[in-house]
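Novice: Let chain A serve as the given structure and place chain B with the ligands on it in line with the hints.
These protein sequence lines map, in sequence, to chains A and B. Each residue of the first sequence is one higher than the last, beginning at 1 in the numbering used here. Each residue of the second sequence is one higher than the last, beginning at 1 in the numbering used here.
Treat the hints as calculated values from the structure; they're not laboratory data. Among the hints, erroneous ones may be present.
Identical copies look the same in the list; a pair holds intra-copy or inter-copy alike.
[Stated by the list, open to error] With a Cα cut of at most 27 Å, we get these calculated DSSO-like pairs of lysine-lysine: (1) Lys-90 <-> Lys-171; (2) Lys-90 <-> Lys-340; (3) Lys-340 <-> Lys-171; (4) Lys-90 <-> Lys-63; (5) Lys-63 <-> Lys-91.
Number of protein chains: 2
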Amino acid sequence: MERLTVTLGERSYPITIASGLFNSADAFWPLAAGDRVMLVSNETLAPLYLEPVRAVLEQAGVKVDQIILPDGEQYKSLTSLDSVFTALLKKPHGRDTTLVALGGGVIGDLTGFAAACYQRGVRFIQVPTTLLAQVDSSVGGKTAVNHPLGKNMIGAFWQPASVIIDLDCLKTLPARELASGLAEVIKYGVILDAEFFTWLEQNLDALLAHDEAAMSWCIRRCCELKAEVVAADERESGLRALLNLGHTFGHAIEAEMGYGNWLHGEAVAAGMVMAARTAQRLGQFSEDDTRRIIALLTRAGLPVEGPVQMAPQSYLPHMLRDKKVLGGELRLVLPQAIGKSEVRAGVAHDLVLEAIADCLPA
Amino acid sequence: MERLTVTLGERSYPITIASGLFNSADAFWPLAAGDRVMLVSNETLAPLYLEPVRAVLEQAGVKVDQIILPDGEQYKSLTSLDSVFTALLKKPHGRDTTLVALGGGVIGDLTGFAAACYQRGVRFIQVPTTLLAQVDSSVGGKTAVNHPLGKNMIGAFWQPASVIIDLDCLKTLPARELASGLAEVIKYGVILDAEFFTWLEQNLDALLAHDEAAMSWCIRRCCELKAEVVAADERESGLRALLNLGHTFGHAIEAEMGYGNWLHGEAVAAGMVMAARTAQRLGQFSEDDTRRIIALLTRAGLPVEGPVQMAPQSYLPHMLRDKKVLGGELRLVLPQAIGKSEVRAGVAHDLVLEAIADCLPA
Ligand SMILES: NC(=O)c1ccc[n+]([C@@H]2O[C@H](COP(=O)([O-])OP(=O)(O)OC[C@H]3O[C@@H](n4cnc5c(N)ncnc54)[C@H](O)[C@@H]3O)[C@@H](O)[C@H]2O)c1
Ligand SMILES: NC(=O)c1ccc[n+]([C@@H]2O[C@H](COP(=O)([O-])OP(=O)(O)OC[C@H]3O[C@@H](n4cnc5c(N)ncnc54)[C@H](O)[C@@H]3O)[C@@H](O)[C@H]2O)c1
Ligand SMILES: [Zn+2]
Ligand SMILES: [Zn+2]
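Chain A on its own, in the form it takes in the complex (with noise of 0.2 Å):
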């Protein structure tokens, strides 16, 4: 079992790793005898783990309630919140309750911020599901919903009190899903660790394959340099936006081929590398490092190139949308070297074209 812990001063929360943590009361760590649970998941996880997860709290003495979502990005919305708002307050629950939620980043981002503004504020505990959830969307306190004018416009900065990773639901979770968690694990290694960079190339089939001492240590490393980065910067005023290196491009794809067609690590994938050829084009990054990364990208089962069918205009409007465009001015994360990225403002938009351009299919 691996434990680590997020600091936050009184906000602080431990994240703990492990397969067969649901056959586990004392993971469910501060949960205790009494307590009071809603446990939030949706229709495709809770046939697959719901049972394990409630019969292990109610041994534990915690009284469990559900609210089971359908399953979908499209489903992160007010109208779903407002349902585990009402389910909340049919029993009703007072502030004393906990939400947990069990899922993926979407289940978790719901959750989460319903947890932010019941009864404005109650305790929630992340145990997610997926692997882009485990590395990335539950740590760190970011919770939102989407308006059909926008993804994650409606949120809040809402710290779990606790993490709880379960190896054992990654056997359960689509190829094309672990691949896409796969781009925010390699990230992770572009931005900030080339050494754990380094580490993804040699062990990137023991990933694919579910080895338990690799999966667990490369959540654990990812779940670390997050944390320092939220530790630095709670609330995104600075070093948190290196960890949006190539989300500006990949939400440009997501946005224009529609929600769901393109994974978003699939999209963060091909947005690394349009990132990376802008660095180049600017001389600040080389060929060889290019190449690992799409190498690495490629083995992952992840694209290097944007959709053939959008033209490098295309993507300057959604990228211009983004909330880290302050004034019209384009800001992009650009790594440096591998392990060593900046954010740079005013990058010419003609090269971020040729740049682009680099990245279409032949």
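Specialist: Coordinates of chain B with the ligands only, in the frame set by chain A:
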């Protein structure tokens, strides 16, 4: 012009009180040329005050958009919240926007919560136009919307950047709404400040006649008292609960009579008398002091008895559903003297029923 500060570390902010403020861009600190604003108001207030505010801001170089909601507590809802987000995203407003709440507590609570959630938190300014909002809801950072299953159940603690109180507004406020605000004013005297209570006994007629000096000092004193309490207990874990004197009884009246039939301040007025009678029956409050409270509330045009339709028994279920109830135990704010009060747990239900019966119409 009166100015005071709510001291909350980096979240500290000024309260400005004067008449004619809507003609002065300086009052709207920290807005400055180049800023972008979304004015949120309702259909009653917009024809009265929106144009002057808009004009003064535009003259100062602020870019102003607006959204006008229907008037009423029933519009303090997730649905209205969504329409604020839609208005913001249609333009679109970025993270650097400022929401300005121009209205009573309904508009203030809703706009504050919208600001807390939009893009995970943007700046907002309170421009309270009812006495209740000026002395109570606009100060302290409690924001919320209602849910069909409970009032103020969805919200956040989110502090404004500035509170701007124009005394002229109160001249268009219906007399019943002014009286409702006076209930909260009198409450401050009872729970925290005997001298202020005496001042109110001497100056109530001046307040009812909209005497500017009296009104200005009265609002200042209430804001000071609330600011002190909030600074000591931002998230309502202790001291802040004192502000709920009369509210547990009052909420029972509001809920049983249907919200809107009894105004909030009216229910709180009757509730304060019930709290005083409870304290008397516990031997911790004098008949003379109860009579002083009753006399002052009566002069303000407020009810000092419960509704004739409500038997004492009908209060308890509502009171036990109150957010302040922990584990089924009734906790009440009770006066110990004029200017001194406490939270008391475990008061016998029978005694409470008798105290309510003391306050029923003959
Ligand atoms: N809060 C943050 O910091 C942050 C960071 C990154 C992404 N996100 C958000 O996360 C969301 C994406 O998260 P995601 O990739 O986990 O998507 P997801 O939650 O939609 O999960 C992907 C799919 O896998 C299924 N699934 C989940 N776990 C499974 C398991 N163990 N076995 C079988 N199927 C399983 C889900 O039901 C779903 O169909 C987006 O909404 C994104 O905005 C948030
Ligand atoms: N956040 C807090 O700490 C806090 C504290 C107390 C109350 N509240 C909330 O405040 C709300 C009640 O606030 P309220 O009493 O201001 O009610 P309100 O906002 O509904 O205003 C009362 C009525 O007066 C009208 N009005 C407002 N200003 C006017 C003016 N200057 N001239 C003419 N008409 C005017 C309004 O349009 C409305 O019809 C409730 O929702 C309550 O939950 C919040
Ligand atoms: Zn991502
Ligand atoms: Zn009140």
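Novice: Against each hint, give a clear statement of whether it holds in the structure.
Specialist: Each hint, compared with the structure:
| no. | hint | in the structure |
| --- | --- | --- |
| 1 | Lys-90 <-> Lys-171 | neither (35 Å within a copy, 42 Å between copies) |
| 2 | Lys-90 <-> Lys-340 | neither (50 Å within a copy, 37 Å between copies) |
| 3 | Lys-340 <-> Lys-171 | neither (32 Å within a copy, 62 Å between copies) |
| 4 | Lys-90 <-> Lys-63 | within (15 Å within a copy, 43 Å between copies) |
| 5 | Lys-63 <-> Lys-91 | within (12 Å within a copy, 46 Å between copies) |
Of the numbered hints stated above, those contradicted by the structure are hints 1, 2, 3, listed in ascending order.
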